[in-house]
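Chemist: Sequence:
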Amino acid sequence: MDDTTVTGIGRITIATICTPMHLFMIWLFISRTEYRNLMSFKIMISLEIVDVFHLLAHFSAGLMTVLRSKIHKVLERIVGAVLLSSWVGLAGMVFILALHRLVIFSAIRFVLAREKLIFYTLIAATWIIYLILTVIHLIEAGAVDFSTTACSFSYRSTPLNRILSKTESYTIIFCLLLAFICYIAIVFWITAKKSFGANKLKIETREMRILVQAFIIFAYMTTLRLVWMFGSSWYGTSAIIVDVLNICNCLIGGKNPFLYLVFNSSVRWHFLSMFKVRKTEKNITVTVEVQHMDHQMAAGFGRITIAVICTPMHLIMICLFIGKNEYRSSISFKIMVCIEMVDVLHLLAHVSAGFMTIFGTNISESLERVTGAILLSSWIGLGGMVFVLALNRLCIFNTVRLVTANEKMIFYILMTGAWFVYIGSMTIHLTDAGAIDFNIATCSFGPRETSVNNDVLNVEDWTIITCLLLSFVCYIGILIWIAVKKSLTTKKLKVKASELRILIQAFIIFAYMAALRLIWVYGSSWYEKTFIVDVLNLCNCLIGGKNPFLYLIFNSNVRRHFFELMKLRKPEKNVTVTQRPQLFRHRRLAEKNNRDQLVFMNDKYAIGITLIVIASICLPIHITFIWLFITKKEYRDHIAFKIMTSLGIMECLHLLSHFMTGLMTVLVTNIHVVLERVTGAVILTSWVGMAAMIFVLSLNRLVVLTSTKLKVSSEKPLFYTLSALSWLCYLGVLALHMTDEGAINYRIRESSFSYVHTDFNILYLEVYESYWILIFLVLSFLCYIVIVLWILFNKSFRPKHIKLERREVRILIQAVIIFVYLAALRATWHYGVAWYLQHVEVVDTLNILTCLVGGINPILYMCFNRHVHRVAAIYMVLYSSVRRHVFGLIGMKRFKESSKAITVSVVRTQRNPSK
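Residue 918 is where the sequence shown ends in our numbering, and the numbering goes up by one at each step.
Accuracy of the hints is not assured; some may be wrong.
Straight-line distance between alpha carbons at most 30 angstroms, and here's what the computed DSS-like set of lysine-lysine pairs gives [what the hints assert, rightly or not]:
{"id": "1", "residue 1": "Lys337", "residue 2": "Lys197"}
{"id": "2", "residue 1": "Lys635", "residue 2": "Lys119"}
{"id": "3", "residue 1": "Lys76", "residue 2": "Lys169"}
{"id": "4", "residue 1": "Lys499", "residue 2": "Lys549"}
{"id": "5", "residue 1": "Lys488", "residue 2": "Lys337"}
Using C-beta positions, here's what the derived DEER-type ranges look like [what the hints assert, rightly or not]:
{"id": "6", "residue 1": "Asp743", "residue 2": "Asp148", "range": "42 to 50 angstroms"}
{"id": "7", "residue 1": "Glu410", "residue 2": "Leu351", "range": "44 to 52 angstroms"}
{"id": "8", "residue 1": "Met211", "residue 2": "Leu519", "range": "45 to 53 angstroms"}
{"id": "9", "residue 1": "Ile244", "residue 2": "Thr170", "range": "21 to 29 angstroms"}
{"id": "10", "residue 1": "Ala436", "residue 2": "Arg212", "range": "58 to 66 angstroms"}
{"id": "11", "residue 1": "Arg212", "residue 2": "Ala727", "range": "53 to 61 angstroms"}
{"id": "12", "residue 1": "Ser501", "residue 2": "Ile244", "range": "17 to 25 angstroms"}
{"id": "13", "residue 1": "Val230", "residue 2": "Ile788", "range": "35 to 43 angstroms"}
{"id": "14", "residue 1": "Leu180", "residue 2": "Asn560", "range": "36 to 44 angstroms"}
Think of the hints as simulated: they come from the structure by calculation, not from any bench. C-beta: ideal position from N, C-alpha, C; glycine also.
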């Protein structure tokens, strides 16, 4: 094993250990009020999320390093983009954390609302920069390449990348320098207070620990960055030092959870209590419920993770065994296909069980019954198939030789019988008499107490034991036969290596299943503890999870075909001598065209997936805010929020259209003519509607903030009329674009829509829409100029007469940001044609920024409105009461009996310590 392989395994190990720790910390900081209400922990949550992306990218980089392969172009580009952009995101968050420490320790005091506004804005700006840089690195001009020799990522030599590398380096240095200045200021302030005003210096121990932790993060990152930047002459000649630096780079995101455990006793207490390492005498009821929930979350996530990883592997193996003739003609692989199918159903049931475990609910009675039926019946199906596979191995290795037709008939009958028993058992468990219930206390399924269930379970237990016992007898027979042949007639013993590997694989499957079944049946007195039950549930999930990896380990052909499928190895083709020389010339030309097409397709995939992700994230948030503005009286009665509701509805339609555009871009097709026309019409018409609504919002700000006072009876009809006219214009233009004369076409190369060349489009629609948008943006600009002049005039000459409410000022700032973003983007689209048509990547970036028109408003609502922030947090399921109402809304019920039962058992234990 060389140094590079060790480095790859080191990266994978660090990422595998630290990522769950990070996820636990994020969950802890969000779920606990004592952390959620502190600004420093809110900043740390953002830092943790960036760290998780950083670690996941290092996990993929470790796989590439071990395999000495890029695996796939798209994966290479995503991993490189995340790794390089993470430095910018982490540096920004480190500076914000340092600035917050300065505010806490120095004499700088803000109003709470203003402090939140400042730090929320800084966090949002850092996230936007981080995401924009990631998106830029996903396009061809800003791509990042993985070197299989150096096992690291580097910028591709392009003009844009040369600018990007300098910009990112300066941004990181600037953020770290600002953070350093903040820490110097803190040290000076503490020193001055200690020297001249020691009595007034009161520093909380918790804040001091957070300061030390933040400084360690800053110092580690700064040191590593300086070594990377200025130590190239030192580490460039040594591959070992580069490997060590890569591992240290991975530890940027790996050290933080351990710092939390070292410097924060409450975090340490919660972490240890999750693993039952520490018991508490205080608040026994609450502690046990917390521990139960922690185990519940861990067990549920474990099940879901195993199933999500292993199910695609199973499906690949099924397709491989069915599609390749060398497997399809073998009886043993036909039996394995049946095992794989049962395993897939088994894993899908474990996904449902994992969600039930996490949410603490059966979700739905039908789902509970189906999941339980599949899980319990899978034992019978797998037991039968394991016996059939063992019998097949006995026929292969023993002297029992059957005619091929008879052999096929026997094993087909046995497989059909196993399937009938499996489906019959499942059908019985779907009835009321044989129903299976989900026990939230143990996070497992158990039979309902009925007379039919008792008989069915006895039959199932004996069936499974019989199948496993017969399998054991088959393997004993194989061993005896091999031993006898080896002892008596060595020359006649001919065992194929492939058959022997299948035998070992089949025996491992049998041994694992038999051992687990024996523990479940006879170890009930041993595994009464919830933690052991959780481990057994995960081992039960792994019954269906281990098989694909056994195929890859024990079968070289399967491994080769799997690597070819994942593009880790080029397929071997038998080129005959009789092929003409022209074939190779055509092949070279085709390969060149394919490379060009691949570059184009990679960009399309990146842009399309980005559009889909942005729309998928922003659309639910938009709908939440619209629902909030409609249902809450304090927003419903405010004219500005009514206008924002209309603007939000238009932006939702805009995001839906961009979602469809992303699908078209990924699939490189317009999907359907009608869908193309509707999507293009909504995207181009949205500019008209949003420009009009922005003008109405700016006019509302002018009326509210200046001395232009209208009666309520006059103000409402005015803005209602303007909003209605905006909607009429929006819908009218949308209807015109639905006609053949005003149709819109999708251009695959630019991933954008354009007007069809018709007289109506060129002479009327395109011109009038441009002027319409321009007029409303100019009118909005004039409104904001008047507002600014009016405020400056009153501040200078009539300071006593000016009284501005904070909420109205915040709405003004939010409206100005929306206007500036839309106006700048529109000006770029309108006047930068000669510039961006020469560069496809610029068009792609503009498309993403256009999609973000619908994504910027929710962030602004969160930043500029404290009440919206609080209410939105409630509606984002941060409190259990809301979660209960949401479950009730969709027909789900939460169990409360489990926590009560656990509480009672603990109280009894405390009363009788001797027991």
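Chemist: Run the distance test for Lys499 versus Lys549: straight-line Cα separation, threshold 30 angstroms.
Modeler: Holds: Lys499 and Lys549 sit about 24 angstroms apart, inside 30 angstroms.
Chemist: If you check the beta carbons of Ser501 and Ile244, does the distance land in 17 to 25 angstroms?
Modeler: 45 angstroms, violated
Chemist: Assuming the hint says 53 to 61 angstroms, is it satisfied by the Cβ distance from Arg212 to Ala727 or not?
Modeler: 58 angstroms, holds
Chemist: So the hint says 42 to 50 angstroms: do the beta-carbon atoms of Asp743 and Asp148 match that?
Modeler: 47 angstroms, holds
Chemist: Does the Cβ-Cβ separation between Val230 and Ile788 fall within 35 to 43 angstroms?
Modeler: Roughly 51 angstroms apart at Cβ, these two residues miss the hinted range, so it is violated.
Chemist: Taking 36 to 44 angstroms as the hint, is the beta-carbon distance of Leu180 and Asn560 inside that range?
Modeler: 57 angstroms Cβ-Cβ, so the 36 to 44 angstroms window is violated.
Chemist: Check the following: the C-beta atoms of Met211 and Leu519 are separated by a distance inside 45 to 53 angstroms.
Modeler: With a Cβ separation near 50 angstroms, Met211 and Leu519 satisfy 45 to 53 angstroms, so the hint holds.
Chemist: CA of Lys635 to CA of Lys119, is that 30 angstroms or under?
Modeler: Given pair Lys635, Lys119 holds - Cα atoms ~23 angstroms apart, limit 30 angstroms.
Chemist: Between Ala436 and Arg212, is the Cβ distance one that fits in 58 to 66 angstroms?
Modeler: For Arg212 against Ala436, whose Cβ atoms are near 60 angstroms apart, the range 58 to 66 angstroms holds.
Chemist: Quick one: are Ile244 and Thr170 within 21 to 29 angstroms, going by C-beta?
Modeler: 27 angstroms, holds
Chemist: Between the alpha carbons of Lys488 and Lys337, is the straight-line distance 30 angstroms or under?
Modeler: 28 angstroms, holds
Chemist: Just tell me: holds or violated, for the beta carbon distance of Glu410 and Leu351 against 44 to 52 angstroms?
Modeler: 32 angstroms, violated
Checked against the numbered hints given earlier, this structure breaks hints 1, 7, 12, 13 and 14; the rest are met.
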